[in-house]
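These protein sequence lines are chains U and G, in that order.
The first sequence lines up with residues 742 to 959 when you count with this note's numbering.
The second sequence lines up with residues 742 to 959 when you count with this note's numbering.
If you are wondering where the hints come from, they were derived from the structure by calculation, not from laboratory data.
Backbone N, C-alpha and C fix where the C-beta goes; we use that ideal spot for every residue, glycine too.
Be aware that a few hints might be false.
Covered stretches of chain U, as calculated for chain G (at least 3 residues, CB under 8 Å) [to be verified]: (1) 760–773; (2) 792–803; (3) 806–820; (4) 829–842.
Chain residues, written in single-letter form:
There are 2 protein chains.
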Amino acid sequence: MLLKSNDGNDFPIELEDVISPDQKVRFRRQIEFMLEIDKLKKVLRKTILLDRSRRENSAEHSWHIALSVLILSEYAKDPDVDLFRVMKILLVHDLIEIDAGDTYCYDDQGRRDQARREKKAADRIFNLLPADQAATFRELWDEFEEKKTSESRYANALDRLQPFLHNYFTDGQIWQENNINSAQVKARMQPVNDGAPMLWKYVSSLIDDGVKKGFLAE
Amino acid sequence: MLLKSNDGNDFPIELEDVISPDQKVRFRRQIEFMLEIDKLKKVLRKTILLDRSRRENSAEHSWHIALSVLILSEYAKDPDVDLFRVMKILLVHDLIEIDAGDTYCYDDQGRRDQARREKKAADRIFNLLPADQAATFRELWDEFEEKKTSESRYANALDRLQPFLHNYFTDGQIWQENNINSAQVKARMQPVNDGAPMLWKYVSSLIDDGVKKGFLAE
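Based on the sequences and whatever the hints tell you, model everything.
Shown next as structure tokens:
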């Protein structure tokens, strides 16, 4: 690999004319980050695709919700929310799962040390980037986790909504396999209310309907 | 499904208070679009993951390149390029593959009617959305295809770079399986030069190195 050495000596020679030694190290880190994040495609979530053929991975989930930023923008609680920032938050927010894995939201055991595992992952993964970019990516992730800004609240709403739709529109297959009840789902979906109240009303009605149809325990 | 009827009569009753009849139809179309685009996760590309375990799908590819907008922004030819627009273009650009499939870039047969197939797909898929959003999405796709703006040029550069990196860093497995030569790859990678000249220099040096290492025919 042209990017393997630490001192940069095997970097393509023809780039020497257009790139300084400092930039060379910077560029190597960016390319290595590009290669590293490919691993998010191997992190499987509990959610299944709508055709029920397989579990969803975290990279395609991130794409789905980043696009939903545009599709559902009019339902964001704050009409002045910065959609570009929401999109960036969502593209970045699951990268820590490369090390920490996806923790099922109703797995109380796994959730006990989730924060510690994810922080450790963030420390490693974002710091593969040059320092300024590492800081930017880390801020986006911290913002998502803290849920204090309009942008992170809308982002969290979309992150909860998409797997919920998959669960409902596959007749609650994953809910049933894991004996999930409506109170658990309602609690889990509160961020939808915080970030997009109209969508919460919709979610709430589907939960009630799911109980009626037997997708979910009462 | 609560969203199945065309006249909207089975829409959740509690939403009647917060949503007008017109908005109801609009919201249904948005949710149905959310469900439809899940199918992009089933569209397989020629590219393989870096661990060579399987082919990549178009949804996770879209995520990877949308995130690369940020990682590699300093190499965009136009320093004033609108990164939000590039990101939107890349999140949307492959949706037409839900109907048209992914056409291998060196498949001359498949490429003959590619434009016709993709236009037909765009007409159907984007028009699932409410008219104003359908127009917005279509504009993003048209812009990507026409390659006239700084944003679409940078977007096209990233769309070509990522699978190229996968090919090079898997020792050209897919190139070899398909008897691809360096002239074909160089021609295919020209959009990288148009949208991000520094990245093109890097790509160009990797192509030469790939020939030397036997990943690619001369």
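Unsatisfied constraints (hint numbers, rising): Violated hints: none; all satisfied.
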